[in-house]
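Taken in sequence, the protein lines are chains L and C. According to our numbering, the first sequence is numbered sequentially starting from 1. According to our numbering, the second sequence is numbered sequentially starting from 1.
No lab work stands behind these hints: they were computed from the structure. Any given hint might turn out to be false.
As the list claims (entries may be wrong) - Straight line, CA to CA, 30 Å or less: simulated DSSO-like cross-link-like pairs of lysine-lysine:
1. L:K74 - L:K407
2. L:K315 - L:K347
3. L:K407 - C:K185
4. C:K135 - L:K141
5. L:K128 - C:K107
6. C:K71 - L:K407
7. L:K325 - C:K185
8. L:K710 - C:K74
9. L:K202 - L:K191
10. L:K325 - C:K135
11. L:K710 - C:K107
12. C:K74 - L:K131
13. L:K710 - C:K41
Here the structure is a predicted model, which is why all the values come from computation and not from measurement.
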Amino acid sequence: MDYSAVGLSREEYDSLVDLLRREPNETELRLFGVMWSEHCSYKSTRPLLKQFLTSGPTVLQGPGENAGVVDLGKGWGLAFKVESHNHPSAVEPYQGAATGVGGIIRDILAMGARPTASMDGLFLGDPKNLKSHALAQGIVKGVGGYGNSVGVPTVGGKTFYHESYNKNPLVNAFCAGIVKLDNLVSSQTAKPGQKVLLLGAKTGRDGIAGAAFASVELNEDTRQSRPQVQIGDPFTEKRLIECCLELLEEKLVASMQDMGAAGVLSSSSEVASKSGVGMVLDLDKVPQRETNMQGWEIALSESQERMLLVVEPSKIHAVIRVAEKWDLDCTEFGIVTEEEEYVLREKGVVTASLPPALIGGNAPVIHWASREPEDLKSRSALPSFTPPEKWNELLLSLLTSPSLGKKNWIWEQYDSMVQTNTVEGPGQSVSVTRVLPSENYVAFSMEADPWKCFISPYQGGAETVAKALRSLAVAGASPLGLTDCLNFPSPEKSTQFWELQQCVAGMAECSKALECPVVSGNVSLYNEYPEGRILPTPLVVAAGMIPSLDTYIPSGKWQENDRIFLVGELEAAFGGSHYIYNRTGSFYGPLLPFDPEKEKDFLRRALETAAQGAANSGRPLAGGGLGVALAKETMACGFGLHVAITAPVRLDSFYFSEGGPRALYAVSPEKVEEFLDIWEKFPLIELGTVRGTHLHGMGAFNISVIDLQKAWEE
Amino acid sequence: MRSAVVIFPGSNCDQDVLRALREHTRGVVEPVWHANENLPKDTDLVVLPGGFSYGDYLRPGAMAARSPIMKAVKEHAARGRYVLGICNGFQVLTEAHLLPGALLPNKSLSFICRPCHVRVETTGSPFTSRYSRHKVLQFPIAHHEGLYFLPDKELEELEKNGQIIFRYVDSRGALSEESNPNGSKDNIAGIANAERNVLGLMPHPERASDPALGGIDGIGMWHSIQSWIEEKGRK
Chain L
1 MDYSAVGLSR EEYDSLVDLL RREPNETELR LFGVMWSEHC SYKSTRPLLK QFLTSGPTVL
61 QGPGENAGVV DLGKGWGLAF KVESHNHPSA VEPYQGAATG VGGIIRDILA MGARPTASMD
121 GLFLGDPKNL KSHALAQGIV KGVGGYGNSV GVPTVGGKTF YHESYNKNPL VNAFCAGIVK
181 LDNLVSSQTA KPGQKVLLLG AKTGRDGIAG AAFASVELNE DTRQSRPQVQ IGDPFTEKRL
241 IECCLELLEE KLVASMQDMG AAGVLSSSSE VASKSGVGMV LDLDKVPQRE TNMQGWEIAL
301 SESQERMLLV VEPSKIHAVI RVAEKWDLDC TEFGIVTEEE EYVLREKGVV TASLPPALIG
361 GNAPVIHWAS REPEDLKSRS ALPSFTPPEK WNELLLSLLT SPSLGKKNWI WEQYDSMVQT
421 NTVEGPGQSV SVTRVLPSEN YVAFSMEADP WKCFISPYQG GAETVAKALR SLAVAGASPL
481 GLTDCLNFPS PEKSTQFWEL QQCVAGMAEC SKALECPVVS GNVSLYNEYP EGRILPTPLV
541 VAAGMIPSLD TYIPSGKWQE NDRIFLVGEL EAAFGGSHYI YNRTGSFYGP LLPFDPEKEK
601 DFLRRALETA AQGAANSGRP LAGGGLGVAL AKETMACGFG LHVAITAPVR LDSFYFSEGG
661 PRALYAVSPE KVEEFLDIWE KFPLIELGTV RGTHLHGMGA FNISVIDLQK AWEE
Chain C
1 MRSAVVIFPG SNCDQDVLRA LREHTRGVVE PVWHANENLP KDTDLVVLPG GFSYGDYLRP
61 GAMAARSPIM KAVKEHAARG RYVLGICNGF QVLTEAHLLP GALLPNKSLS FICRPCHVRV
121 ETTGSPFTSR YSRHKVLQFP IAHHEGLYFL PDKELEELEK NGQIIFRYVD SRGALSEESN
181 PNGSKDNIAG IANAERNVLG LMPHPERASD PALGGIDGIG MWHSIQSWIE EKGRK
């Protein structure tokens with residue numbers, strides 16, 4: 001069998017032979033084909049990811065385990081991670097999205113945490129395009145179908161529409177869970193003599209080499225790849241969650257690992273490698289759903305809803321009893337050994353024998369050529385356009401555009417309230433859930449800004465991270481950490497690799513400057529079709545802690561006679577703005593440079609505003625700028641505002657430019673002094689007082705709040 | 001008052017109901033595993049919680065209705081003791097023939113999760129005794145199969161006997177097609193059996209039992225059943 005048949009390059013094969021000091025046999029070659037794929041090995045991005053700040057006072061577990069963990073206090077931690085399921089969702093949207101949700105939930109569970117909140121980042125094609133519309137429908141149904149059934153609330157998300165996702169939609173599934181630190185699971189704790197068990201669903205041929213499939217471009221034949229998409233069963237997953245948590249509570253397992261990409265092979269070799277032990281696995285003992293499965297098929301199958309357990313021999317009976325209660329298969333199929341050798345057997349015959357560290361860890365890094373795109377400068381050039389004449393129509397058209405409009409068709413299909421801890425559900429700039437055992441609250445903000453990342457990958461990457469942290473700060477949440485999903489096209493094209501490098505550099509710089517460590521993440525490359533590529537789409541989810549609801553500032557809570565302040569500059573930039581896209585059909589234009597000092601200053605003051613309870617409502621300016629932020633606030637509270645400023649800036653720039661730290665606050669009259677003290681020497685203007693029935697921006701729009709609401713609801 | 005919350009494989013809202021009962025009723029509240037054949041001694045109220053028992057495979061509630069514990073639940077109901085089925089629990093009750101009718105897929109054919117308004121149609125039930133008649137409550141719904149169906153003739157009977165306990169309405173209490181989220185017959189959100197000791201409803205009162213989560217209209221239901229049992233004594 002040839003190395004190219006399993007997706008390895010000549011150099012990789014040579015390197016493998018060097019490391020092994022022999023030729024691999026066919027089974028071994030198949031294993032390496034998957035484990036050294038981009039999806040499993042991060043061979044294109046490992047050096048880039050090293051730039052991230054990964055530690056800090058809140059971090060209990062950084063990257064390297066199934067999910068990152070940060071400290072919530074009182075002996076509890078928050079495990080969280082975001083992961084892509086892009087290629088499967090492009091081929092089979094319902095199952096692709098559903099199993100994405102299931103996979104990330106098991107990552108959280110594998111840390112010993114109870115999954116408590118999910119979110120989804122969806123990047124969908126032009127809604128007028130029939131194909132992308134059908135994909136979107138299937139994806140949303142899949143996310144809901146799985147998440148609702150397993151009883152993990154979907155508390156928010158991010159949806160962005162652009163034609164570059166027409167055939168290659170992106171599905172980024174995020175999950176967070178709470179873990180008693182005593183029960184925190186590690187993959188480094190397996191010891192010789194312990195047994196290896198497989199818990200959960202039976203193993204079939206579904207998803208074999210799915211990881212390798214995710215590591216090449218999609219093409220017209222991709223529909224043929226449907227056998228590589230796994231089928232989800234949320235009912236089994238729900239029982240798996242309850243069963244695993246019961247096993248942990250009873251202290252019955254030594255280590256646990258979920259089976260995601262490359263199934264049995266990656267989960268078991270990872271435990272062996274990280275624990276510094278060996279393993280002997282009898283593949284024929286794995287319960288199978290299909291007949292005549294080859295050993296390598298069993299090792300690589302990505303059948304869903306399975307967990308690998310490492311258990312002391314004396315506890316096996318107790319483990320099996322709990323599994324029986326939940327009606328799950330639980331089968332011993334291997335043993336942990338002292339000698340650092342990872343051995344696969346079929347009917348007693350050894351079919352593979354490898355050093356464990358080699359399997360997951362040693363894929364040679366690929367240094368792709370990197371080159372600045374020739375059209376880069378032109379991306380920052382503003383297309384010619386005339387300022388609007390019909391301002392009301394402009395505002396309505398922005399408010400009802402696919403990306404900025406109301407998305408309840410999506411989130412009403414998700415159970416956002418199960419577990420009864422959802423304080424702020426979907427549709428707000430942050431989602432907030434209560435954590436009963438640590439007696440506090442966690443806020444999440446999910447952000448992505450592909451347009452800005454395309455114009456200037458570095459500034460766009462920094463802006464993406466900054467946006468997420470601004471939302472947290474305005475809500476009163478101090479950052480605990482963040483997780484990222486890097487969705488990019490093929491790194492094999494030098495200009496595309498350059499974009500990836502620059503985006504990561506911008507993200508890393510921003511998270512470092514703003515002291516928010518990256519604790520977990522995922523990379524999805526090769527998101528492209530022969531006709532086109534996706535925009536650079538790094539997505540981040542930041543988690544923050546709110547000590548008490550007294551210091552939480554929601555949005556949409558203007559009260560009559562509140563005074564409205566804009567903090568931040570009078571105008572930002574037109575590049576990557578929804579306004580420019582609306583006016584010209586292009587999103588090109590200049591961006592603001594990332595200003596770490598100003599960002600830090602903003603975050604500090606925003607947190608102080610919340611800590612002192614100095615505002616009734618706060619909203620960071622994001623897509624659609626000040627105009628859309630004003631409209632959303634007035635719609636939510638039902639009151640109007642008359643903005644009568646004579647700004648020394650272009651009105652369209654004042655209302656619709658985007659970027660940088662800016663926010664809208666509603667302050668009770670008696671708190672104004674306190675509020676102004678907090679924001680002293682920060683750019684700020686007062687926009688007006690909450691009253692009346694109309695949102696009136698002098699010289700621009702003048703529209704009744706009822707008309708805004710009507711347009712929004714449609 | 002002693003309450004038991006049945007946990008089927010796939011139940012989701014069991015912990016939520018346990019918490020609401022513990023916070024808003026006095027007495028013992030305990031979970032019961034579906035494979036048990038008996039309820040705890042002296043149980044007054046059994047709650048079948050929401051979720052996806054048995055993954056909703058076959059039909060929602062169909063398999064749970066045949067779980068071992070259901071024999072005991074039926075005996076419990078036959079003695080005049082109290083049974084409450086919420087969402088999937090309501091589906092289990094119709095599948096177990098403890099309540100008439102069936103719950104069909106929503107008219108939109110999609111899962112719907114959102115706050116709804118329901119109107120208390122009668123206060124003459126153990127579950128609504130502490131509300132005022134026609135009070136409008138905000139209860140969230142979260143289901144895919146919530147369209148309550150019953151042939152017209154039987155529906156008339158239900159109405160005549162005062163078995164219709166909750167109806168979907170708008171925020172001012174008016175019946176309308178727009179306020180009916182799932183296409184239920186006659187805007188029905190919850191019904192009782194003829195004796196009114198068994199109630200099933202699709203909305204989730206346990207999700208409206210905590211001010212931090214945006215609603216407290218459900219608390220009246222827990223108080224109603226508590227005071228009903230205290231006044232009438234154990235059956």
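Against the structure, the hints:
1. A C-alpha spacing of about 37 Å is found between L:K74 and L:K407, which places the hinted pair above 30 Å, so the restraint is violated.
2. With a C-alpha separation of about 26 Å, the suggested pair L:K315 and L:K347 falls inside the 30 Å cut-off, and the hint holds.
3. For the proposed pair L:K407 and C:K185, the alpha carbon gap of about 28 Å is at most 30 Å, so the pair holds.
4. For the given pair, C:K135 sits about 35 Å from L:K141 by alpha-carbon distance, which is inconsistent with the 30 Å threshold.
5. Taken as a hint, the L:K128 and C:K107 pair is honoured in the structure, with Cα atoms around 25 Å apart against an allowance of 30 Å.
6. Distance hint between C:K71 and L:K407 is unfulfilled; the C-alpha atoms sit about 44 Å from each other, more than 30 Å.
7. Note on L:K325 and C:K185: the hinted pairing is violated, with a Cα-Cα distance of about 39 Å set against a maximum of 30 Å.
8. A threshold of 30 Å between alpha carbons decides the hint, and for L:K710 with C:K74 the separation of about 49 Å lies outside it, so the pair is violated.
9. With a C-alpha separation of about 26 Å, the suggested pairing of L:K202 with L:K191 holds against the 30 Å cut-off.
10. For the hint linking L:K325 to C:K135, the alpha-carbon distance of about 43 Å lies beyond 30 Å, and the restraint is violated.
11. Taking the CA atoms of L:K710 and C:K107, the gap is near 24 Å; set against the 30 Å cutoff, the hint holds.
12. Between C:K74 and L:K131 the CA atoms are separated by roughly 50 Å; this puts the pair beyond 30 Å, and the hint is violated.
13. For the proposed pair L:K710 and C:K41, the alpha carbon gap of about 55 Å is over 30 Å, so the pair is violated.
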